[in-house]
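Given chain X, work out where chain P should sit, using these hints.
Protein chains in written order, with the numbering used here: chain X, 1 to 181; chain P, 1 to 181.
I should point out that these hints are in silico values taken from the structure, not numbers from a laboratory.
Treat identical chains as interchangeable: a pair holds within one or across any two.
Pairs of lysine to any residue residues, derived as SDA-like cross-links and limited to a Cα-Cα distance of at most 25 Å, are as follows:
id, residue 1, residue 2
1, Lys156, Trp106
2, Lys157, Pro87
3, Lys157, His3
4, Lys157, Glu146
5, Lys157, Trp122
6, Lys156, His3
7, Lys157, Leu88
8, Lys157, Leu53
9, Lys156, Ile2
10, Lys157, Met1
11, Lys157, Glu71
Protein chains: 2
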Amino acid sequence: MIHRPWRTRDRHTLLSVPPWLEVGTESVELPDGRVVEDYLWLTHRDFANVIALTPEGDVLCLRSYKHGPREVTLQFPAGLLRDGEDPLGGAQRELLEETGYAAPRWEPLGRFVTDSNWGGAWMHAFLARDAALVQAVEHGDLEDLEFFLLPLDDVKKRVRAGEVKLLSSAAAFALALLTLD
Amino acid sequence: MIHRPWRTRDRHTLLSVPPWLEVGTESVELPDGRVVEDYLWLTHRDFANVIALTPEGDVLCLRSYKHGPREVTLQFPAGLLRDGEDPLGGAQRELLEETGYAAPRWEPLGRFVTDSNWGGAWMHAFLARDAALVQAVEHGDLEDLEFFLLPLDDVKKRVRAGEVKLLSSAAAFALALLTLD
Numbered sequence: 001m002i003h004r005p006w007r008t009r010d011r012h013t014l015l016s017v018p019p020w021l022e023v024g025t026e027s028v029e030l031p032d033g034r035v036v037e038d039y040l041w042l043t044h045r046d047f048a049n050v051i052a053l054t055p056e057g058d059v060l061c062l063r064s065y066k067h068g069p070r071e072v073t074l075q076f077p078a079g080l081l082r083d084g085e086d087p088l089g090g091a092q093r094e095l096l097e098e099t100g101y102a103a104p105r106w107e108p109l110g111r112f113v114t115d116s117n118w119g120g121a122w123m124h125a126f127l128a129r130d131a132a133l134v135q136a137v138e139h140g141d142l143e144d145l146e147f148f149l150l151p152l153d154d155v156k157k158r159v160r161a162g163e164v165k166l167l168s169s170a171a172a173f174a175l176a177l178l179t180l181d
Numbered sequence: 001m002i003h004r005p006w007r008t009r010d011r012h013t014l015l016s017v018p019p020w021l022e023v024g025t026e027s028v029e030l031p032d033g034r035v036v037e038d039y040l041w042l043t044h045r046d047f048a049n050v051i052a053l054t055p056e057g058d059v060l061c062l063r064s065y066k067h068g069p070r071e072v073t074l075q076f077p078a079g080l081l082r083d084g085e086d087p088l089g090g091a092q093r094e095l096l097e098e099t100g101y102a103a104p105r106w107e108p109l110g111r112f113v114t115d116s117n118w119g120g121a122w123m124h125a126f127l128a129r130d131a132a133l134v135q136a137v138e139h140g141d142l143e144d145l146e147f148f149l150l151p152l153d154d155v156k157k158r159v160r161a162g163e164v165k166l167l168s169s170a171a172a173f174a175l176a177l178l179t180l181d
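The shape of chain X in the complex, shown without the other chains (with noise of 0.2 Å):
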């Protein structure tokens, strides 16, 4: 089967709120020439998770409330990426200034867009190994973040078991095991 792409004919701006997110409608062509107006797109910041091993092969996690879920959950470094940035970039930036840690071996895990019909953000996953301790914690974020080190087989069952809330940070751990499989 010949999967072609819809073509955009036309597209408006709903909602705009820099440099965070804006929101809108389309006028798409179907291939078989069938119309869709009003259909919606979404589009915020792009950004990327990181699993990162110590060379005794444990995670480097974190834990804080977060007001998506409104919920505790047990998560992964991850954060926006700055204006410019390339994923690779910010992922090292993001472990650094959320764990202190660097690590001299990385494997992109992927590229995923959030929302499937919508579009949303693109997701960049990496896998880090041999991650050591360089510097203190500095990350500015608003949320209070518990840093600490679990064995993988540990990590494994606590995802199994629903700690890890954010779809972004299950999906990094997730892939990377297919990764280290």
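Then chain P, alone, in the frame of chain X:
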């Protein structure tokens, strides 16, 4: 470390596109007393994702152009929950509509919020086993959905190679492997 929730003091709506999406701002009070004005919130419809396996261990796969990433992508059965629909019921309905398959054995893989800070929607992921064809496909999606079976190891390779561009689909598959492990 005790992680206390933030408190919402006030809440405004900036954009409402029923039944799809709402965006607004909140005034939130952090545990240390700081107040953040105009913290964004975003809500859209909860959805379910299904990783379904045949008795032979093949994975039920779909492929189509998706307008979110503006790319053709490998994906797995999924869809928005209807008003009042429970997540498992929605997952079973979407599997049936998109593939014509039903399954006798279902396991939840977790619920995850799509936007860590603003909320977004809850994704409910499921693993379905012993799936079998029971009726003709009758999805009402705008996309031309191509349906096929692939061996589990083949899907692993394709996910690692970047053929799945949707965060929700990639996450559901990688999380299913954690349970199948």
